[in-house]
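**Student:** Could you build the full structure based on these sequences and the hints that come with them?
Chains A and D are the protein sequences, given in the same order.
Each step along the first sequence adds one to the number in full-length UniProt numbering, with nothing skipped, and position 633 is 633.
Each step along the second sequence adds one to the number in full-length UniProt numbering, with nothing skipped, and position 479 is 479.
In short, the hints are calculated from the structure, not lab data.
Careful, some of the hints might be misleading.
Because identical chains share one entry, a pair is satisfied inside a single copy or across any pair of copies.
[To be verified] No farther apart than 27 angstroms at their CA atoms in a straight line, the calculated lysine-lysine pairs in the DSSO-like style are these: (1) K94 <-> K38; (2) K319 <-> K444; (3) K507 <-> K73; (4) K660 <-> K79; (5) K357 <-> K38; (6) K660 <-> K94; (7) K94 <-> K53; (8) K598 <-> K38; (9) K201 <-> K23.
These are the residues of each chain, in order.
Protein chains: 2
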Amino acid sequence: MASNQNVADMNQARARSSTDPEKLQVFLWGGDREWPRKRSIVSILSGDTVFDKARRSFLTRTQMYQRALAMTKRLFELKDQHDWTSDEVNLAVKLIDEPLPIVLHNAAFEPVVSSQGSPEIKKQFGELIAQRGIIGCYLQTELGHGTNVAALETTATYIPETREFELHSPTVTSSKWWVGALGKTATHGVVQARLILPSGKDVGPHLFFVQLRSLEDHRTLPGITVGDIGPKAMAGYAGIDNGYARFDHVRIPREYMLSAFASVTPDGQYVQPPHAKLSYAGMMYIRSTMVISGGWTIAKGEGATIAIRYATVRRQGNKGPNGLEQQVITYPSVYIRLLPALARAYVFILLGRNLGKAFSDMSSRLATGDTSLLAEMHATTSGLKSLVSTAAIEDLETARRSMGGHGFSDFAGVGRIYADYLPGATFEGDNFVLDQQVVRAALKAYDALVVRKTRSISGLTPSTAYLRSLAEVTPSLSAASRGWTDPHTAIVLLERRAAAMVQDRAKHASEPDASSDHRVARAVTDAFVGAQVGEINRDLERSVGGHEASVLKNVYLLYLLTSVERGLVDIVSFNLLPEQATSEVRSDPARSLRMAIKNLCEELLPEAIGLTDGFGFNDWELDSALGRYDGNAYEELWKRTQMEPLNRTEVPDGYEEYIKPLLVRGQRLAGRSKL
Amino acid sequence: MASNQNVADMNQARARSSTDPEKLQVFLWGGDREWPRKRSIVSILSGDTVFDKARRSFLTRTQMYQRALAMTKRLFELKDQHDWTSDEVNLAVKLIDEPLPIVLHNAAFEPVVSSQGSPEIKKQFGELIAQRGIIGCYLQTELGHGTNVAALETTATYIPETREFELHSPTVTSSKWWVGALGKTATHGVVQARLILPSGKDVGPHLFFVQLRSLEDHRTLPGITVGDIGPKAMAGYAGIDNGYARFDHVRIPREYMLSAFASVTPDGQYVQPPHAKLSYAGMMYIRSTMVISGGWTIAKGEGATIAIRYATVRRQGNKGPNGLEQQVITYPSVYIRLLPALARAYVFILLGRNLGKAFSDMSSRLATGDTSLLAEMHATTSGLKSLVSTAAIEDLETARRSMGGHGFSDFAGVGRIYADYLPGATFEGDNFVLDQQVVRAALKAYDALVVRKTRSISGLTPSTAYLRSLAEVTPSLSAASRGWTDPHTAIVLLERRAAAMVQDRAKHASEPDASSDHRVARAVTDAFVGAQVGEINRDLERSVGGHEASVLKNVYLLYLLTSVERGLVDIVSFNLLPEQATSEVRSDPARSLRMAIKNLCEELLPEAIGLTDGFGFNDWELDSALGRYDGNAYEELWKRTQMEPLNRTEVPDGYEEYIKPLLVRGQRLAGRSKL
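**Tutor:** Take a look at the structure:
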């Protein structure tokens, strides 16, 4: 097979697609202004040598960190040059596919100071923070404590005499750990510490503003020990200086407590926060943004662009009448893995945008003291963060594996995306801990509706709406009337599954099995997402319209059907599948669902390249030899290989020292002094 | 929490374990001679500075390659010094947890030349190969072709005039690719190439011996272009120089064809091989060894040692009466992930050893021309390779994630094991392609038994024994009579599931759904493994005996029950679960199974540390801060962090160039020339 067959295959696939990529791009990016703005920023970044990616595969971690600094500095030069807004700078940071230390300033430090800082803090530091005249980090996790914030060991003791707090790390395990940008970069930080009142009373974790390094020479301030925590697994997050910090009786002024929701009076009296969960809003915000970023991650590495493009140009197996082997994407075992992931990307991106809107909504209410949406937002973001990050990690590995051996090359690009995305499963709330939160909220809603009857069906919130199916009379859907091509069938099944499982869980509340939290949380979140997808679907005529709307309906249907298939064990166990009423013994009642998925995949197959083009990534963004836009995968692999440092010399360093003596020894033992 | 609480927790956990680690070690390593031999080699390696691992987290790939060479050279010095046999050298290579270029010589080059080489080749090179006077590699995969060997493009054309073969790479995509040790190390290789007869007839891929580099100066021989293919994903396989090679009409003597099973006469006539699959025996051998190595991989990173040790010393959550937070291992959501993986390690190691014996058996028969065991071995190794490598990758990531945020530190050690193990899913036969082989064999057996009736129940081979359940009269197990504590219940269910699925698949042979191959293959292999575990179980009194036998019975039961749980969707769909006959509507029939798993896990919990000690890893082998034998996880993390190159200076390189200008700009814009 000549390698330009790759290009021919890609051209042909692109010609077969019936959608207009630009319509999809505008749809996914959220509007006529958003998409061109994104494209313009990518065009500036990808044309700038500072952001060139050609040699980064060969850099050490120290070099990757310096590269991240260089990119950060350049970013603000570009901001000044192109007059970018801070939203545009934040977008640019996201579009650079290497985590930068400044991310923590943008996503955690700035929002938390701005939403919870005292007026004094905002006056003194607000503009400096906005302009990056200081760089901040967020010191929460400790060496010995992660998700369980309540058990943090760092203390902030109020000293009424001097009106100061004293930050202190009493143990090795109380060292702040994993803090992004703390290791070498940040000048300031917000520290979570247990507030100790003059009475000795411990009122739990609160946030404190602290300067870490001198603005004169960047040296660490007295009493503070900081450093980098070392390399991350699989070379992930290389550009970020995740760091540690210990505080040895470090004093900060009383005003440095972030006191919008809780404060200490000058004489040391504690003033209560209006809502217990209020200080978690910051983490909730980060979690909510993880839904859309998970969607874009899958879009990039996965089901999505790289894997589908390579599966389109890669040929393996039996030769067809044209003398060419079969395109890998046409194998059921391949498309059944990639197309559902493509659908997940389309769902999570939209879901993420909706969640973003809901979050702003909640924030404006919070600003007026209205906390009514907080609990619902907590349950929703917990469930979605766990669902999306788990799915994204799984899909990335599925994508990598679908590419066969070459998926293991660094040049394939998916390994890098995977390694950088991986911590998403455990940071901002370990997924298994979040599952518990989801189950707790579900049981509470069930109790209010069914046991205590303090809430009615009409009073159910979106995250508990699935409970309405408990009130339905008919126990099962009629397959004949609806069928799998109607999204309603899947949506109802997902709701019934969630309701049945929550009910069963409530029944066995005192003795759940060991995987119950995980399964119940997934069912509840699947039901919520199912209903959301139903709404996105109904809105398609308006939001995208035309032929694209009808293709996207199939994409969203595929999401729903595969979501049912993933939850099948519980659906079948609770006897909810339409076919279970009628099917014969020793015949698989799930066959019609699986065949519907297969047929839908085959219908979508000619659209796959168009749908991935719809994400709108350029080659600089993907940085993948296998996922090139033009399909020229093998030639690009060859080209990149020529840059490998080991190939600089014909005979490797180490030949004289190691290889030659080994061979000479073996030749001597084999009785051959000369060959 | 003081950090030496870690050590106290580990000591206490160890004291609670009721098994004798040495008995388990002898059992797992296969005997009274094997275990001390392994321990002695580890003791030599871990005491040698060449194998020290302290700084490897900070090396570049070029340095990792040189490190691999240095270790290889030292290995043979140690062999001479300690008079190691070649089995002992191979064991030492396995015990070094970095892939070495010599691995390909040991696992592929040497066996294939010795089993298929002509007498001339063996005479000329046999002793040189044995003594490593030459270093070999195995050139199969091409840039454009992987698992589908039949489509390889490299040609070997026989030239009767000079009695030579001409090796040629006609296209870019025919470049040999991924070949371990080819990039910079190997002097010789075995090449898979399509044999073209003088008549022009193409008789498909055959093996040819070729010299690649000069033994004088290691320079590449004329007509050959070689190089390294570049870094691998997630920094995996860093020490191996996976390479590419192109041949430009390279001539080799007629005797260089590996001709034990097929050959060309001097005048160019082709002599047929006795069995079509014979030349695949090499890959089958590698696949068969992947079962035991998968087991040891899980044992190390997973369910096993590192994750269980860290979960034992890590405390999170509510404080108990002793004022300490709860040990993480006691959370159901944690032990339900780790203990089944521990059980998988115990199963796969034993299974791998049995397979090793079966393989030797088959090989001795093959040597006499008896190919009767070949098809069975092919089906078995295909299914097991796919099952074990898929499970090991999943378990490694499960383990990493169970450790929370710290699992993402390179110092945790699991990421490295993962990155190096990852290609196992796609090399030596892509798992999804292997699934198809398993299904093909299953359908053939079903056809012979049920349709054509050419085989009887008593004539079923071990890999198809599950079909016996088709002849059973009773459609479901009585839960009351057997129950989940009897391994027989799970084994029978796994067999019935496989039989029902194969039958259903045969019924829909012309139109299987898209994931059918994968699900049917898994069911068939699960049934085979279930029966094997039953035999291992029955043998425990003899093989290990005493109290340890009764603990291991529970470990093997846990494997069986979780294997049923993983196959539950099909078991429930085919109505096979005992409870399905009697259970009420809207009650989960799988609850009794899941509660049995939970109870079994809780029973095994106090044994977990003892069972991981039973694998017999020392700290050098694990190289994990979190998996230390003494439990001192946090102090070790701190210690390793101090070696990070970024921590050498207080102010990082790059401050003056990047950070300072950024801060100065921001301060200027914020209107603060000085703070």
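**Student:** For which of the previously enumerated hints does the structure constitute a violation, in increasing order of number?
**Tutor:** 3, 8 and 9
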